[in-house]
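Chains as they are written, first to last, in my numbering: chain C, 272 to 501; chain G, 272 to 501.
Hints in this document: simulated from the structure, not taken from any laboratory. Mixed in with the good hints there might be a few duds.
One copy or two, it doesn't matter: identical chains are merged, so the pair holds either way.
Said to hold, decoys possible - Dumping the calculated DMTMM-like pairs for lysine to aspartate or glutamate here, alpha-carbon to alpha-carbon at most 25 Å:
hint : residue 1 : residue 2
1    : K338      : E310
2    : K415      : E300
3    : K352      : D472
4    : K338      : E462
2 protein chains.
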Amino acid sequence: MGDKNGLKGGRSPFIYNFYALPRSGPQIEAWSFDVIDREAPPHSFGPDEWEVVRRMIHTAGDFTIMKDIRFSADAVPAGVKALRAGRPIYVDSSMIRAGLSLARLRSACVRYSPQSVFCHIADEDVARDAGEAELPRSIFAVRKAKPILTGGIAVFGNAPVALLELNRMIIEDGVQPALVVAVPVGFVHVEESKEEILSLDVPCIVLRGRRGGSTLAVSVIHALCTLSAG
Amino acid sequence: MGDKNGLKGGRSPFIYNFYALPRSGPQIEAWSFDVIDREAPPHSFGPDEWEVVRRMIHTAGDFTIMKDIRFSADAVPAGVKALRAGRPIYVDSSMIRAGLSLARLRSACVRYSPQSVFCHIADEDVARDAGEAELPRSIFAVRKAKPILTGGIAVFGNAPVALLELNRMIIEDGVQPALVVAVPVGFVHVEESKEEILSLDVPCIVLRGRRGGSTLAVSVIHALCTLSAG
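So that you can see chain C by itself, here it is in the shape it has in the complex (with noise of 0.2 Å):
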């Protein structure tokens, strides 16, 4: 088979080397944090927010993203907090809400639902808002979402806007996450989105610069999630 559908080495396929000593998903996982232990630079990391930085890490593939990482003083355990007592979580993209592990969610909490989670780009009026005003969704979506912002866990890995429209509400509007995850992604506005959060007196952990993403942010809650069921 292998001139006619592709092996131009003719080698054997790469996954009987993983058949013969095959491992199960959280074997995997556990292999890998292994591996991340024992590559990663020097770093004055505290233990619980080591285990968030780590499966960022994990995440991104990539041991870069350590240097640009920052807690507030009192982040990790304002998260685990907030996640042990089944706080809403306010996420702004459908991937971040695909992402988040129900399983993980209620071993901090058993009380979480996936009506727990909450995200409104996708709402029909979310739409309509933001094209009468010619502005992005997501400032519409963030909006929408004030009721359950205060004392609630607020997820950014998409859209600075969002993540400044949040930090307009709480400076003004008296709006006060228990915990603010800030990794936005991209090149226009991300990085002060990223300086004001870390400005404001609220629990955040935030990627500066321009990286960020969906998958992050949900390495970041799961992180917690493993540190709330300990």
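Take the given structure of chain C and dock chain G to it, following the hints.
Then chain G, alone, in the frame of chain C:
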């Protein structure tokens, strides 16, 4: 409110800079691509390949991925042809399924529907088989998709072991995808999975090394949709 709710420095919220010169979501995206085109280091990607690469950069917030992106000679035209024909799309994570825009897919082919995207990672039979075999679910998910893989688009942003299993199916079982998007992420078998697909006679778009992820996988398909609609 500043003292109580947070603004340490007493500045005005940054978003007023944005509201002073407001932009819609599509305008921000266009602005972002302008920044990327302007700041990108010299490269040898062709115009169609650059459409894919710049969207990957946009998604990662990171120019350093450029050096690791590889296209097989026929990858972009093969992907465009498959999308225009409405070929099924296999994805290895729920996040990719959630992130794929039906509007973008339909801009390539009006026949695309939610049922065109196949994701088996959360299927009960896949979980049961994986548990019994003590192997990752992703292996059984890709095996289950075998009927649609030949002629379809196979997208990997999460699990390298599933890509290894696809590689085996290409070599041994005669499976022949129209395009493989190979951007799994991690620290175990990831690099081997990518080097192997690059060695096969199958159209593929690959991010070499450990980096990757579901958001990057989505960005590749969306860029190919843009090219398909053009």
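Status of the hints after comparison with the structure:
1. K338 with E310: both (15 Å within a copy, 22 Å between copies)
2. K415 with E300: So K415 and E300 pass the 25 Å test across copies only (23 Å; inside, 37 Å).
3. K352 with D472: within (17 Å within a copy, 52 Å between copies)
4. K338 with E462: Classified as both: same-chain Cα gap 15 Å, cross-chain 24 Å, threshold 25 Å.
No hint from the list above goes unmet by this structure.
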